[in-house]
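Protein chains: 2
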Amino acid sequence: MRVVELIERKRDGGTLSVAEIDFLVQGFTKDEIPDYQMSAFAMAVVLRGMSAKETAALTASMVASGERLDLSRFGRVVDKHSTGGVGDKTTLVVAPLVAACGAPVAKMSGRGLGFSGGTLDKLESFAGYRVDLTTAQLLAQLERVGIVVTGQTADLAPADGKLYALRDVTGTVPAIPLIASSIMSKKIAAGAHAVVLDVKVGSGAFMKDRASAAALARTMVAIGVAHGLAVTCELTDMEQPLGLAVGNALEVQEAIAALRREGPADLVRLVRLAGAEMLVRGRRARDLASALVRIDRAIADGSGLAKLRELVAAQGGDERMVDEPSRLPAAPRIEVLRAPRTAYVAAVAADRIGIASVHLGAGREKKGDPIDLRTGIVLRAKVGDRVERGEPYAEVHVAERAGDREAIDLVRGAFRWSAARVPRRRLVLGRIASR
Amino acid sequence: MRVVELIERKRDGGTLSVAEIDFLVQGFTKDEIPDYQMSAFAMAVVLRGMSAKETAALTASMVASGERLDLSRFGRVVDKHSTGGVGDKTTLVVAPLVAACGAPVAKMSGRGLGFSGGTLDKLESFAGYRVDLTTAQLLAQLERVGIVVTGQTADLAPADGKLYALRDVTGTVPAIPLIASSIMSKKIAAGAHAVVLDVKVGSGAFMKDRASAAALARTMVAIGVAHGLAVTCELTDMEQPLGLAVGNALEVQEAIAALRREGPADLVRLVRLAGAEMLVRGRRARDLASALVRIDRAIADGSGLAKLRELVAAQGGDERMVDEPSRLPAAPRIEVLRAPRTAYVAAVAADRIGIASVHLGAGREKKGDPIDLRTGIVLRAKVGDRVERGEPYAEVHVAERAGDREAIDLVRGAFRWSAARVPRRRLVLGRIASR
Numbered sequence: 027m028r029v030v031e032l033i034e035r036k037r038d039g040g041t042l043s044v045a046e047i048d049f050l051v052q053g054f055t056k057d058e059i060p061d062y063q064m065s066a067f068a069m070a071v072v073l074r075g076m077s078a079k080e081t082a083a084l085t086a087s088m089v090a091s092g093e094r095l096d097l098s099r100f101g102r103v104v105d106k107h108s109t110g111g112v113g114d115k116t117t118l119v120v121a122p123l124v125a126a127c128g129a130p131v132a133k134m135s136g137r138g139l140g141f142s143g144g145t146l147d148k149l150e151s152f153a154g155y156r157v158d159l160t161t162a163q164l165l166a167q168l169e170r171v172g173i174v175v176t177g178q179t180a181d182l183a184p185a186d187g188k189l190y191a192l193r194d195v196t197g198t199v200p201a202i203p204l205i206a207s208s209i210m211s212k213k214i215a216a217g218a219h220a221v222v223l224d225v226k227v228g229s230g231a232f233m234k235d236r237a238s239a240a241a242l243a244r245t246m247v248a249i250g251v252a253h254g255l256a257v258t259c260e261l262t263d264m265e266q267p268l269g270l271a272v273g274n275a276l277e278v279q280e281a282i283a284a285l286r287r288e289g290p291a292d293l294v295r296l297v298r299l300a301g302a303e304m305l306v307r308g309r310r311a312r313d314l315a316s317a318l319v320r321i322d323r324a325i326a327d328g329s330g331l332a333k334l335r336e337l338v339a340a341q342g343g344d345e346r347m348v349d350e351p352s353r354l355p356a357a358p359r360i361e362v363l364r365a366p367r368t369a370y371v372a373a374v375a376a377d378r379i380g381i382a383s384v385h386l387g388a389g390r391e392k393k394g395d396p397i398d399l400r401t402g403i404v405l406r407a408k409v410g411d412r413v414e415r416g417e418p419y420a421e422v423h424v425a426e427r428a429g430d431r432e433a434i435d436l437v438r439g440a441f442r443w444s445a446a447r448v449p450r451r452r453l454v455l456g457r458i459a460s461r
Numbered sequence: 027m028r029v030v031e032l033i034e035r036k037r038d039g040g041t042l043s044v045a046e047i048d049f050l051v052q053g054f055t056k057d058e059i060p061d062y063q064m065s066a067f068a069m070a071v072v073l074r075g076m077s078a079k080e081t082a083a084l085t086a087s088m089v090a091s092g093e094r095l096d097l098s099r100f101g102r103v104v105d106k107h108s109t110g111g112v113g114d115k116t117t118l119v120v121a122p123l124v125a126a127c128g129a130p131v132a133k134m135s136g137r138g139l140g141f142s143g144g145t146l147d148k149l150e151s152f153a154g155y156r157v158d159l160t161t162a163q164l165l166a167q168l169e170r171v172g173i174v175v176t177g178q179t180a181d182l183a184p185a186d187g188k189l190y191a192l193r194d195v196t197g198t199v200p201a202i203p204l205i206a207s208s209i210m211s212k213k214i215a216a217g218a219h220a221v222v223l224d225v226k227v228g229s230g231a232f233m234k235d236r237a238s239a240a241a242l243a244r245t246m247v248a249i250g251v252a253h254g255l256a257v258t259c260e261l262t263d264m265e266q267p268l269g270l271a272v273g274n275a276l277e278v279q280e281a282i283a284a285l286r287r288e289g290p291a292d293l294v295r296l297v298r299l300a301g302a303e304m305l306v307r308g309r310r311a312r313d314l315a316s317a318l319v320r321i322d323r324a325i326a327d328g329s330g331l332a333k334l335r336e337l338v339a340a341q342g343g344d345e346r347m348v349d350e351p352s353r354l355p356a357a358p359r360i361e362v363l364r365a366p367r368t369a370y371v372a373a374v375a376a377d378r379i380g381i382a383s384v385h386l387g388a389g390r391e392k393k394g395d396p397i398d399l400r401t402g403i404v405l406r407a408k409v410g411d412r413v414e415r416g417e418p419y420a421e422v423h424v425a426e427r428a429g430d431r432e433a434i435d436l437v438r439g440a441f442r443w444s445a446a447r448v449p450r451r452r453l454v455l456g457r458i459a460s461r
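Residue numbers (the numbering used here), protein chains in the order written: chain A, 27 to 461; chain B, 27 to 461.
Chain A extracted, bound-state conformation (with noise of 0.2 Å):
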């Protein structure tokens, strides 16, 4: 097989077989493909497309890269994942909920970049947890305390991680079918039978249009099914971000009153869908409406609650956080920004929100940048609020940075105002799944 036949066929529309593309994972994984062919490939896919069944192809070449857990002991296992959004916490009520419900949960999370936040940037608002577990510790906290939330082990999928660093300099990122392949790869690798997946659409997410989101969708859903993986996928409204808090510390805390029933609600409809679906797949619950009830109770009981506590103390993190939410890290000072008359909210611009939380230090503009776990912005205002003059629609939170003022201009800049009612924006746009 030659490497660059492989790449012309690609770059002139043609389709790869199976052979061909493990061919080319295997080799690159093991440098004998250069980096320089393989992002020359990476460009005709971006610009050329892959089939479903080419997509499959090369989600099975990166799991066989690595290696893969076995959780079968644990029964069922079902993972989440989330494309990325601003003020997305889901995973720390969710993961906990159905924790308390019997379902195991395994979650490897990533760091943030960009205005997305990262679930282990979050994690690390608890002093001292710890998010490098190995395979032996992940699976005897799974088997000891049923939930564990830590980062990606190099060990699974290596061909998704070398290729997403190429891919990540080489302007080769936007293509459904390597986005697809890099998340299922490692949601496979790492033992999931089962994922509920959340599909972000609009200005604070990677998928701007229902279109595309629907696409990327319907291409997991696809790369599941070819694996034996049961997927559901809901796409949800990324127009504006997520609950209220956007930040780390900020986030946690809005996770936990999640988890106490203080939860916003927008954030509380996602929780409880996402859990309900994750049950469902589990086979923990009958059908949704049961699931519901499930996820309900283990709000009402604490249980929910309980189960995160357990997660922060196994996993090394200060578990008094979870109780007295003061002791999380504080920024220095409150902005607070108040409206100049009454209005009705139009919109809060999910992705300038996500930038002025970078502007914080709540986020990274690249990898490996140090992040404040104090900063970022709490919403008093969402879409279809009302809100008099001289109340406040936003706070940001700062720690005397070069960015503060950029950033609160981004914020008081992403508020649109409407003199008339505003309708409250829907939150679920569509649902994709697997049977």
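Where hints are given, some of them may not hold.
A pair holds if it fits inside one copy or across any two, identical chains being indistinguishable in the list.
Claimed, not checked - Simulated pairs of lysine-lysine, DSBU-like, Cα-Cα distance not exceeding 35 Å:
1. Lys392 to Lys56
2. Lys392 to Lys234
3. Lys234 to Lys393
4. Lys56 to Lys79
Just so you know, these hints were derived from the structure itself, not from any lab.
On the provided structure of chain A, position chain B as indicated by the hints.
Then chain B, alone, in the frame of chain A:
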């Protein structure tokens, strides 16, 4: 300037500024921009194209990456270039003729690759002929003899050399802006004031159809104009080989025959046309008609042949071979193919003849492969010719190689026959030129 942003812009169909293209080319030449970014960029160019302005800028950057010959003391210097085809020995005939007419010819040629022969390989049929002249030697010989045909020197357009090597292994060769800028950057760096180009069209050429050949021609003319060069571009047929001989020493023999008024009609036609265009572009003739008279005289009076003799001698080759072609390398055996029945030749597939020549050892599959100067194919009939049953229609000059059988079958398969009369093919398909 961030490289990734430039790649992304081209990927998304945008255009780059002159400064941005120069940043990429110079960074790449200095090894500051890695191959994997440049290959992704090249693939984006293959699939998204480049504007005329971008293409001119790319050419200028490649010229600026190295030295540029100053030939102005020789007056107006005209270069020629063919995009390559099967049996194209035009340079061997036209360069001596033009030089004999008093126009200085400093031609840098290449080696053969794939089914496209290289002028340097052909010239090496003259025992001892040197193709590695230094710039100083080139200038001295041009002064003394008025003609030089040698290899590309490394200090001209090094960016083109580096980029071409990368394109060759990343499936990014077939992009008109990249092909055009590669050709033109070398001509400009080599000091040409005008260029006469021959873009081959057909199965035996890189450009398979007239539309893409015309696009390449227009692009090269535009680059020339942007750099102050006069450019004439002929589009010529490459569905069947040019002339009758295909193979190194065989083509040299045919070229010598053409200089002795014994050349095949299509080759002579092309030589006269290209030679006359060169004289006009070099301002050694008022118009094409008077230029053709001079070219014809240089054939008739033997001054063209004398100039070839001088060239061969000046570059250390055995000049006796010019007058006694029997001294040229010859294959040990000739397989003669005879017509199974009387018929007209309907097609002689240039690509099959070219591939056959590679099997015979007359061409290379990959760079650096050794070449057999002796072997090749001599057609005894071309499209439109009538061949009587039992008469030869082709000779295959073999040197007892593993690929001989396949080569002979390819030559046989290259011929299509017709019981009815078939018109001859049109040789010149079009002309695109600057003013």
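Comparing the hints with the structure gives:
1. Taking the shortest Cα distances, lysine 392 and lysine 56 sit within 35 Å of each other both inside one copy (26 Å) and across copies (25 Å).
2. Proximity of lysine 392 to lysine 234 under the C-alpha cut-off of 35 Å is restricted to the intra-copy arrangement: shortest distance 21 Å within a copy versus 46 Å between copies.
3. For the identical chains of this complex, lysine 234 and lysine 393 are intra-copy neighbours only, at 23 Å inside a copy versus 46 Å across copies, given an alpha-carbon limit of 35 Å.
4. Taking the shortest alpha-carbon separations for lysine 56 and lysine 79, only the intra-copy value of 24 Å comes in at or below 35 Å, while the best inter-copy value is 41 Å.
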